[in-house]
Amino acid sequence: MASVTVRRLSKVFDSGVQALHHLDLEVRDGELLVLLGPSGSGKTTVLRCIAGLEEPTSGDVVIGDRLVTQLSATERDVAMVFQTPALYPHLTVRENIAFPLEVRHVGPAQVARRVLDAATRLGLKDVLDRMPEQLSEGERQRVALGRAIVRGPQAFLLDEPLSRLDAKLRIELRGELLALHRALGATMIYVTHDQTEAMTIGQRIAILHEGRLRQVGTPEDVYQHPADVHVARFVGTPGMNVLHGRGRADEKGRVIEAGSLVIPVELSTYEGELQLGVRPESVGLCAVDQGVGNVDVLVVEPLGSETLVHLNAGGQPLVARLPGFADVRVGTRVGVKVDRRRLYLFDAAGAPLA
Amino acid sequence: MNAKGWAVPAVAAAIVAATATLLVVNRAQYSYRRDFAMRMARTTAAYIAAVTPPPPPPAPPRARPRPPARVSTPPPPTQLSPAARSFHLPALLTQARALKTLPGWTSEVEVYYGTAPLVDATAPPLTPDDLQELDSAGSRWRKGVALVPLRDRDGREIVGAVAVRPLAAPRGPLPGGLGFAFPAALLAVGVAAVIAFRERPLRRGGYIAAALLLAAAALVDVRTAARDSTDRWLKDTRRLLVEAASRIPSAGVRVNVSDLAALVQSSEGVVVAGEPAESAPRRLEIDGTRRAVVAVLIGANRWVELRSAPAERAAPRWLVLLLPSALLGPVGILLLRWAERTPVPRRRETAIAWGFLTPAAVHLLIFTIGPTVFAGYLALHADQAALTLANFRTVLDDPVTWLSFRHTLAYALYVPFSVAIALIAALLVHAHRARWSGRLLGVAFLSPYVSSVVAIGLLWQLIYQTGSLGLGRSDWLSSPATTLIALMVISLWAHVGGQMLVFLAGLQRIPQSYFDAARLDGAGAWPRFWRITLPLLRPFIWFVLVTGLISACQIFTLVSVLTQGGPLPAYSSEVLSHRIYQTAGNGTVGAAGAGVAAALAFMVFALVLILRWPQVKLLARVRHA
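Protein chains in written order, with this note's numbering: chain A, 34 to 387; chain B, 83 to 707.
Extracted from the complex, chain A is given alone in its bound form (with noise of 0.2 Å):
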């Protein structure tokens, strides 16, 4: 196993789009590191520069202490399952796991060993003399990644394999994900664009949009401390509600003016626009003027231990997070209150206010 590293990654496309902007990343030996971001935010492609199945326009990739940069896919010694299995079809699943060994021309004693061995591990024993076109999806997803395992490569790197599966199997599945990380001590990139399958597998997490690296941290780091609003939108289930507005200061108070809401709030400077991140579950409601403004309720979502309640601001969405059923009514005035130790403030390109 080693650690991956990239250095000032760029890759523009044929077409001229921008896929990746000087991206640097490092992933350390046996890590499980989750590339995370929306789509066409350019994670596959990272991991298609990392393969060497893509070539990067500027940048380095580093495998342990190898430049592979100048390497061919084929001599990089990392294993790869794609979103769709691209499992060989002519192939049984104990040939299409030995494919990896049998054209490195290790001996077939070997090959039949650790063939077994792998499907040992992946609980696909009595399947293994079927055609790819009899099994189920999961199963297919997990021969991909008995062909990834079986030789145990330097890195192993995953774009989203997940997706394609049920939400029952992907939960099941991403458990014996994580036992097999722990097991092997694999270095692993995961790329998805689940932000809680993130949350729930990812050591650390590394955070795209639009081609550039926003945040990499534990999964609590960049929840709690996201870096900036792109970040904070896209992490958490809901996302944050991110409301525009502008700092005020007078003889009535010093306070921050969004939508229909006004918060008090010490702020450095009380001059121009800015942006209040405010996480769901720090929304509460109560009467009309008893809190800090009053909302409209859009739409009601009772999901059995909590609700979500949409709500409309002045013109601004805000979203409420409360615990178990609401007494809440669809159309009805409602006032608001915010926990004013959990706000968040961005200046207005989005970066942190201190």
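Since the hints were derived computationally from the structure, they do not count as laboratory data. These numbers were taken from a predicted model, which means no experiment stands behind them. Some hints here could point you the wrong way.
Claimed, not checked - Straight-line C-alpha distance at most 25 Å; calculated SDA-like pairs for lysine to any residue: (1) A:Lys285 x A:Cys319; (2) B:Lys182 x B:Pro172; (3) A:Lys158 x B:Arg613; (4) B:Lys699 x A:Gln167; (5) A:Lys158 x A:Glu205; (6) B:Lys699 x A:Tyr121; (7) B:Lys182 x B:Asp117; (8) B:Lys699 x A:Pro165; (9) B:Lys699 x A:Pro122; (10) B:Lys699 x A:Arg163; (11) B:Lys317 x B:Leu269; (12) A:Lys370 x A:Glu314.
Unchecked claim - Selected chain A positions facing chain B (in silico; Cβ < 8 Å): (13) Gln103; (14) Thr107; (15) Ala112; (16) Ala119.
Virtual Cβ for every residue (Gly too), placed ideally from N, Cα, C.
Got chain A sorted already, so can you dock chain B onto it with the hints?
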């Protein structure tokens, strides 16, 4: 099950079917009556011409024929040429009148001289236009009367006409002259009504049986009418022959059989010297063919035999109309039942589907199934005799057949080479598909494929003849040793593009992720080709190989354009398809070799069919790939 919903339409369908069948029967009877009248008219015309003497020499000009005076101003027969006077008018009048008194004669006859009726002077005359039309058309059928021209003794100029109106004859053997078809039709409608109104499950079998019975009864009626038509002609002609024997002016005491034979056109029958026999028409087997025959006594102990093709032998062809019209009923009821059980959207879909299918089905029937059946008929009938394998024997005994067979197989050997080249080309084009070089290569390979084979053939003929491309000055095409190889080179060049296209489609169907995965798995370019590309292309390779071999077995155009199977006399490049064409007389209609060619065609068909079998299996695999 609600029977009421479809009971009334079902009975209506049965009535429509029964009526249609009866109408077909009626139509058939009418057509046989017309045939009889036509034949009779022609025979009568020949009889009149034979028994009427020429006009007496130098007659005064005022002897011009005039229509009978009682007719109010008939148009004068002025257009008649001088040759019209080649009949002696009073004699003609006598002979025509005499026809009326013939015993047992079953038609009314009228003889026109010019436009004037001679037998029944009160009958309406013809118009000059009628005569002119008769002269050019040969015969006419108008309002139940057959009209044929009466020509002069040389058979050149029209001098008048003979009209025959057949007297009504009983149509069937049942009481009242009823045929079998009518009661059968009543029965079919009755059965349909019982099935429809008795609210019990449809007894399909019962009604289909009733409908088939109706068709059979109708056929019996049609056959009866056909037989009747032949018999009447035989009987009436017999009377004419007897009359002619005593009236032919030049005959003297003993009339010649050949004079009598001249009365009957060869397409209608023959008159030969015969034995004493019954004067009623009979059916006899003569030289392997069935003939309708009647014996005629033409003088003291002198007999002739009048023979004709029995019309009833061709009567079953009416089944083409009778069966469908009789089965209209059951089909209609089945459709009604189906419609009743089927939801409306599905009914509409089915109707639309059939609407779209019908043109293709009709096309298939007329241009594929029809000719195939006809070719089968040709192959199995040498010299129009009965069923025989003689044509197949001719084919197998012909050494050129085997030569063509060997040449065809040898020629087909170019296919594996072209497939290999096409595969390499496809890999190159696919690898460079994003660059202009790849596209150029693709176009270069593809352009022969979209060109006319004839143009390609002529181009290569030029190349071979001028010795371009470093081929030397000896013309490969016209040298017996190399002509087949020269053709193979042309075919390879022409077909590689199409095969490449299939491989390109196959390559595009392989997801890029397989190659990505293989690269990451550590497989280099060569292992990727052998272990991923080739296995995934295998169904396409087989497909191209088999279709290529099949079309190679059918090679025709190049041979036809370039070598004609030559150089002769060794047939150095004769192949099966071209051999078929040559045997059939190079496409001449009705050529003598058509039957042999059809037999050869069926043998090639069998050969290709054997090759088609793997193709069908392969198509299924390509579809699943």
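Earlier hints that do not hold, by number: 11 and 13
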